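Please model the entire structure based on the sequences and the hints provided.
Listed here are the chains, written in short residue letters.
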Amino acid sequence: MKNNIIAELVEVSKYYGTGTGRMVALDCVDLSLAKGEAVVLVGPSGSGKSTLLHLLGCIDKQDKGRVIIDGVDTSAKSLEELASLRLDKIGFVFQSFNLIPVLTAYENVEIPLLFKGLGNSFVKDRVNEVLDSVGLYDRKHHYPRQMSGGQQQRVAIARAIVGNPSLILADEPTANLDSRTGGDILDLLLHLNKNEERSVFVASHDSVVLERIKKVVRILDGKISID
Amino acid sequence: MNIIKIATISLRNLLRNSRRTLITVLVSAAGFAALAILAGYMDFSFYGLRELTVCKGFTAGGGTGHIQVFHSESLKKEELFPMQYGVEDNEKIRADIESIDEVSFTMPRIEFNGLISNGDKSISFLGLGVDPEKEAELIQYWNSLEKMGGKKKMSDTAYRKLEKTGSFGVLLGQQMAKALNAEAGSNLMLMSTTVDGAVNVVDVTVAGVIRGAMKSIDRHYLVAPLETAMSLLQTDKVSKIVVVLKRTEDTAVVSRLIEENIHGQDDQPMFSVIPWEELAAYYYSVRDVYNIIFSFTGIIVVAIVFLSCTNTMLMATMERVKEIGTLKAIGVSNAWVSLMFLFEGFFIGLLSVAGGLVFKYVFSVVINNSGFKMPPPPGMSSSYLLKIFSAVEFLPWIALLIVFSTTLSGLLTLLKIRKISIVDSLTHV
Ligand SMILES: Nc1ncnc2c1ncn2[C@@H]1O[C@H](COP(=O)(O)OP(=O)(O)OP(=O)(O)O)[C@@H](O)[C@H]1O
Ligand SMILES: [Mg+2]
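Top to bottom, those sequences are chains A and B.
Heads up, the first sequence is in the working numbering, so the first residue is 1020 and it goes up one at a time.
Heads up, the second sequence is in the working numbering, so the first residue is 229 and it goes up one at a time.
In case anyone wonders, no lab produced these hints; they're calculated from the structure.
Just so we're clear, the structure is a prediction, and the values are computed from it rather than from any experiment.
Glycine included, every Cβ here is placed at the ideal spot set by N, Cα and C.
It cannot be assumed that every hint is accurate.
[Unchecked claim] 25 Å max Cα-Cα, derived DSS-like pairs, lysine-lysine: (1) A:K1108 / A:K1054; (2) A:K1135 / B:K233; (3) A:K1080 / B:K644; (4) B:K320 / B:K362; (5) A:K1135 / B:K349; (6) A:K1054 / A:K1234.
[What the hints assert, rightly or not] Here are a few chain B residues that face chain A, going by a calculated C-beta distance under 8 Å: (7) A235; (8) I237; (9) E505; (10) A557; (11) V560; (12) S561; (13) I650.
Here you go:
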């Protein structure tokens, strides 16, 4: 059972501020994500969705509890160790795409592979393959500013999956897109992970997302409930 | 491979805010140019000082030539009587020295002193017995130096006049001539002690008036033909042999050759061979002063370049907080991220050196062709033509200094990048 779990939060709490101004962003959250699973996290603005995603993505530290990624407890890991864990296991998709503006689509997708000590030809093939799978092979020499929002988000998805991570975290990936494009993006995300043991965890309150992902985790004032 | 990719990213980032990059590059290029020009000026000054020491000198001893050969005792002991430790048989020794390829010519000199009188008034003098033709040749050596490029050549007419006046002519320092109320054609008397300790007097005719490089020397300065000095002292020895080379750069080599090959009887090392720089203590003091000035200027310039570049780098990190956060979120380490900035600093340095070289070149050409004159240095009697030399051997070091400081400011972004919180930067707009 245990090795079927890609990510797990155990009694995780996160606070902002101190003293009387202290604010509970996550309150003793227990959550586990199975390999290959697609889950949507819904909740009103300010409920703690992003905070939860940041902890799962190991880019922020919880104040209480444990975060376990692929069987590894991250609590005691150094910043460097966490960075290499992210490089290997986690892909991020952001609301505002976060592409590097001075790099072409190809170069943006290439980034995660550059720091893994892989061979040139392998990197080239893999980047082209992934760009092809998001339907942007013919746009690979375009810069972000030369692409539409939907295209940019496809590049971002390609960048997130290029390193073959087991967990994709997407924080409001469709919020900056119209509903049709948003739907396409989500279809793409789900399609790319259907046959692979890759979990997708999406924070969203977009109906486009809710229509497509069956498993829903609700969050309100830092407390979660699972449907 | 990754390094090249990162370097490309850095180049593109530099073009992103091209105006800011340009300003930073201009500041650093100006810094490079300032140091390069200063080095060029120092190079010119050292060169000028060196050649002026060789050809004209700053003491009553006249131009030092490149090497001087003395009787070895003369530098160790006080003479009991004039010319006790003079060099005998100077023609033969000179012929030996002149057989060395690098040597242009040699000449004998006698240093003597005594009183000079016009009948009413006597003042003490420091005299130099010379071969006027050879001394004129030394001046021609100066005039042949292309690097000084002066339109105003040094004149050898005084020595020519001395030669024409014959064996009992003298040249007087300007101040001495004034003090004795003498002019060309005046008859004066020289009084001195002979090698036997007797007092001797010779009558001389003023052949001309000369100006020493230093004002203080003029009042006691007197030049006479070798024969005059010899007959006044009743000797056929000379005080020293002055060796003039074809190129100053050969001084050390030729000094060694002379030391090895010129001996007294029984192969005893009878001669001291002294290169010009040991005869010119002030050369080292001037060098030291210049080196201190250069070091200070260097520190200031490097500080300005470093601060200006660091400021640019910090602005760039602030502008790119979101990108930096994204890279860090992906799992790129702080070190790799700051390597991008390190490259930016490095490229700014390279561009600055390129720009600085252009500045320096243009400035040098303008100065070197403008005929701009520097006022006489303290204690000196004439102004000189300003030149900026190319200082090629200094430029790589200055370039290194500039590139190092701009690169360092790129590296320092690591401190900033480490502190950027990924979560905060992702919410940054
Ligand atoms: N850096 C911070 N400092 C203080 N409070 C914060 C900080 N980040 C988040 N919070 C607070 O924590 C709570 C949860 O924030 P979070 O960003 O996780 O909400 P969210 O569900 O993602 O909201 P949204 O849908 O608007 O993105 C909010 O009340 C927010 O004000
Ligand atoms: Mg959010």
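Consistency of the hints with the structure:
1. A:K1108 / A:K1054: Roughly 12 Å separates the two Cα atoms, so the pair holds.
2. A:K1135 / B:K233: Distance of about 14 Å is within 25 Å: holds.
3. A:K1080 / B:K644: Holds, at roughly 20 Å.
4. B:K320 / B:K362: holds, 17 Å
5. A:K1135 / B:K349: violated, 96 Å
6. A:K1054 / A:K1234: Measuring from Cα to Cα gives roughly 13 Å; hence the hint holds.
7. A235: Constraint on A235 of chain B not satisfied, violated at 12 Å.
8. I237: holds, 6 Å
9. E505: Hint violated; E505 of chain B Cβ to chain A Cβ min 56 Å, cut 8 Å.
10. A557: holds, 5 Å
11. V560: At about 6 Å, which falls below the 8 Å cut-off, the nearest Cβ of chain A leaves the hint on V560 of chain B intact, so it holds.
12. S561: Check passed: Cβ of S561 of chain B comes within 5 Å of chain A, closer than 8 Å.
13. I650: holds, 4 Å
Checked against the numbered hints above, the structure violates hints 5, 7 and 9; every other hint is satisfied.
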